[in-house]
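Engineer: The chain contents come next:
Protein chains: 2
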Amino acid sequence: MIDRALPEVLRGRGYRVTPQRVLVREILQRSAGHLSAQDVHAAVQARLPGVELSTIYRVLELFVRLGLVAKSDLGEGRAVYEWCPEHAAHHHLICEHCGGVTHFGSPRLGALIAAECAAVHFEPRDVDLAVAGTCRQCRSASG
Amino acid sequence: MIDRALPEVLRGRGYRVTPQRVLVREILQRSAGHLSAQDVHAAVQARLPGVELSTIYRVLELFVRLGLVAKSDLGEGRAVYEWCPEHAAHHHLICEHCGGVTHFGSPRLGALIAAECAAVHFEPRDVDLAVAGTCRQCRSASG
DNA sequence: ATTACTGCAAACCCTTTGCACGGTT
DNA sequence: AACCGTGCAAAGGGTTTGCAGTAAT
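For the record, the sequence lines run as chains L and R.
Sequential numbering of the first sequence, starting at 1, is according to our numbering.
Sequential numbering of the second sequence, starting at 1, is according to our numbering.
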């Protein structure tokens with residue numbers, strides 16, 4: 001599937017297929033998602049020592065540009081990357097206690113946001129919704 | 001009104017009234033809102049040279065803690081501050097062409113987000129919704 | 001043989017922090 | 001006189017960039 005497509009996508013556009021890029025793709029695909037650049041870096045290092053963090057950023061940026069990876073800004077300067085999230089609305093719930101990040105979002109929510117943008121003639125390109133709070137587990141645990 | 005209240009709020013909680021704090025409040029109140037720390041700093045400098053950026057951050061942080069100012073994360077490491085936004089839902093539309101930031105958001109939107117959080121037993125504390133795209137003016141200007 | 005990509009190191013931006021002096025109470 | 005708040009300077013975290021050598025084509 002996409003495993004096969006990557007080399008073609010890269011070469012087709014004049015980019016090269018490198019171990020670093022293959023590894024980053026693999027890690028993002030395997031993970032449940034929501035990896036920071038540092039997370040990816042750590043995972044890459046485990047299998048290919050010597051890879052620099054700056055390389056990770058460059059690979060991630062390329063993948064985002066190619067539409068292979070989605071980048072989400074969680075605020076406070078934290079950004080996370082996911083491999084091709086197919087669900088249209090993938091907003092984030094960030095637990096302030098355990099740091100966990102989960103998805104939420106419905107078509108209704110997406111439609112409502114789009115409608116409100118349209119009402120003021122704003123053309124949305126990227127919707128970033130992040131809710132900070134307490135997740136189910138931490139709620140029952142601490143209170 | 002709030003102009004009067006500031007000294008009381010500060011002194012009442014053991015904080016001091018300083019020219020820097022008064023000036024920051026004044027600037028935030030006068031502005032249409034959405035000022036970055038650097039924006040505030042520049043405006044303060046104009047009237048009180050020598051004020052440090054770190055002071056601005058400290059004053060802003062204090063005001064946020066006192067509930068006088070709202071801080072919003074626009075992503076990409078950009079945070080903006082507004083004086084006491086009374087409207088409950090004050091989400092942001094960020095124009096990628098002119099850099100302008102405007103408000104949007106309805107009770108319905110807030111309610112829907114709250115409902116979706118509740119559905120997964122997530123207790124929201126801070127909702128941050130930022131939509132990047134093209135504003136009305138830039139749409140008609142550029143085509 | 002090209003030339004894209006990487007490692008390395010430095011720079012960058014926004015923000016935070018330690019410290020001693022000066023201002024507010 | 002107490003001590004909070006500021007200026008100053010340095011550090012911090014995440015991210016970006018310049019450069020020369022290396023690897024993919």
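These are computed hints drawn from the structure, not numbers from a lab.
Heads up, a few of these hints could be off.
[Claimed, not checked] Below, in silico cross-link-like pairs of lysine to aspartate or glutamate (DMTMM-like), each with a Cα-Cα straight-line distance of 25 Å or less: (1) L/K71 / L/E96; (2) L/K71 / R/E96; (3) R/K71 / L/E116; (4) L/K71 / R/D126.
[Said to hold, decoys possible] Heads up, incomplete: computed chain L residues facing chain R, CB under 8 Å, no partners named: (5) L23; (6) E26; (7) L93; (8) E96; (9) P107; (10) R108; (11) L109; (12) I113; (13) E116; (14) V120; (15) L129; (16) G133; (17) C135.
Backbone N, C-alpha and C fix where the C-beta goes; we use that ideal spot for every residue, glycine too.
Engineer: Output the numbers, in ascending order, of every earlier hint that fails for this structure.
Structural biologist: As far as the earlier hints go, 5, 6 and 9 are violated by this structure, in ascending order.
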